[in-house]
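Chemist: Residues per chain, in single letters:
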Amino acid sequence: RKEVEQDPGPFNVPEGATVAFNCTYSNSASQSFFWYRQDCRKEPKLLMSVYSSGNEDGRFTAQLNRASQYISLLIRDSKLSDSATYLCVVYNQGGKLIFGQGTELSVKP
Amino acid sequence: EAQVTQNPRYLITVTGKKLTVTCSQNMNHEYMSWYRQDPGLGLRQIYYSMNVEVTDKGDVPEGYKVSRKEKRNFPLILESPSPNQTSLYFCASRRASDTQYFGPGTRLTVL
Numbered sequence: 008r009k010e011v012e013q014d015p016g017p018f019n020v021p022e023g024a025t026v027a028f029n030c031t032y033s034n035s036a037s038q039s040f041f042w043y044r045q046d047c048r049k050e051p052k053l054l055m056s057v058y059s060s061g062n063e064d065g066r067f068t069a070q071l072n073r074a075s076q077y078i079s080l081l082i083r084d085s086k087l088s089d090s091a092t093y094l095c096v097v098y099n100q101g102g103k104l105i106f107g108q109g110t111e112l113s114v115k116p
Numbered sequence: 035e036a037q038v039t040q041n042p043r044y045l046i047t048v049t050g051k052k053l054t055v056t057c058s059q060n061m062n063h064e065y066m067s068w069y070r071q072d073p074g075l076g077l078r079q080i081y082y083s084m085n086v087e088v089t090d091k092g093d094v095p096e097g098y099k100v101s102r103k104e105k106r107n108f109p110l111i112l113e114s115p116s117p118n119q120t121s122l123y124f125c126a127s128r129r130a131s132d133t134q135y136f137g138p139g140t141r142l143t144v145l
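Sequence lines, in order, name chains A and B. Residue numbers for the first sequence, in this note's numbering: 8 to 116. Residue numbers for the second sequence, in this note's numbering: 35 to 145.
Simulated from the structure, these hints should not be mistaken for lab results. All residues carry an ideal CB built from backbone N, CA and C; glycine is no exception. Some clues are possibly wrong.
Said to hold, decoys possible - Sample of chain B residues at the chain A side, in silico, Cβ under 7 Å:
#, residue
1, P42
2, Y44
3, L45
4, G76
5, T133
6, F136
7, P138
As the list claims (entries may be wrong) - Subject to a maximum C-alpha distance of 20 Å in a straight line, what follows is the list of computed EDC-like cross-link-like pairs (lysine to aspartate or glutamate):
#, chain 1, residue 1, chain 2, residue 2
8, A, K52, B, D90
9, A, K49, A, D84
10, A, K103, A, E10
11, A, K103, B, D90
12, B, K51, B, D90
13, A, K103, B, E87
Can you make the complete structure from the sequences, with help from the hints?
Modeler: Rendered as structure tokens:
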């Protein structure tokens, strides 16, 4: 079983839709969690950190469920510019960053 | 401007011809890593370094070498490149459990 798993998609949604991604992790001692965004052929960039209490940044909401060992990312009112691959990233107990394979999102007009 | 730089950005070479991809960061980060990204396989860590003169293997180290003589630089060396090393390579740096910053990537083709 992979340490971090994501649905690879692609998710094809119309503009204005709400879309949610889930990510599961296997190591219950994992400490920190992030969502990164990667545009085609470019470097991944931090989208947002994920806190135990959940956090929101504009149209983006991230949540952590430690009991079920998953994190989620919700995007409301999708824009064309949201089209990208979204990477779930987990710091494990040893301080190593583990990346999910990414979920591809395509927002259509 | 805080950044991670890599050079070259694009490289086409032939099997067996030694090459070095440079990586430099100006954020005084302790941790630096090299990744390769291939379709369907995601980001895989090649080597990482926790500080000067401290390096360790990642998940796919075969065929690669690194060095960390200075805090800011972390070059990736391919002594004898082979076609299966054709990939998109990213250098990255961070502090402990903090945000990781990536370089712009190096697209390598080995013929």
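Chemist: If a hint holds in the structure, say so; if it doesn't, say that too.
Modeler: Hints and how they fare:
1. P42: This hint is violated: B:P42 lies away from chain A, its Cβ roughly 15 Å from the closest one there, beyond 7 Å.
2. Y44: violated (11 Å)
3. L45: This interface hint is violated because 15 Å lies over the 7 Å limit.
4. G76: holds (4 Å)
5. T133: holds (5 Å)
6. F136: holds (4 Å)
7. P138: holds (6 Å)
8. A:K52 to B:D90: With Cα atoms ~24 Å apart, A:K52 and B:D90 exceed 20 Å; violated.
9. A:K49 to A:D84: Roughly 24 Å separates the two Cα atoms, so the pair is violated.
10. A:K103 to A:E10: The given pair, whose Cα atoms are some 11 Å apart, holds under the 20 Å limit.
11. A:K103 to B:D90: holds (12 Å)
12. B:K51 to B:D90: violated (24 Å)
13. A:K103 to B:E87: holds (18 Å)
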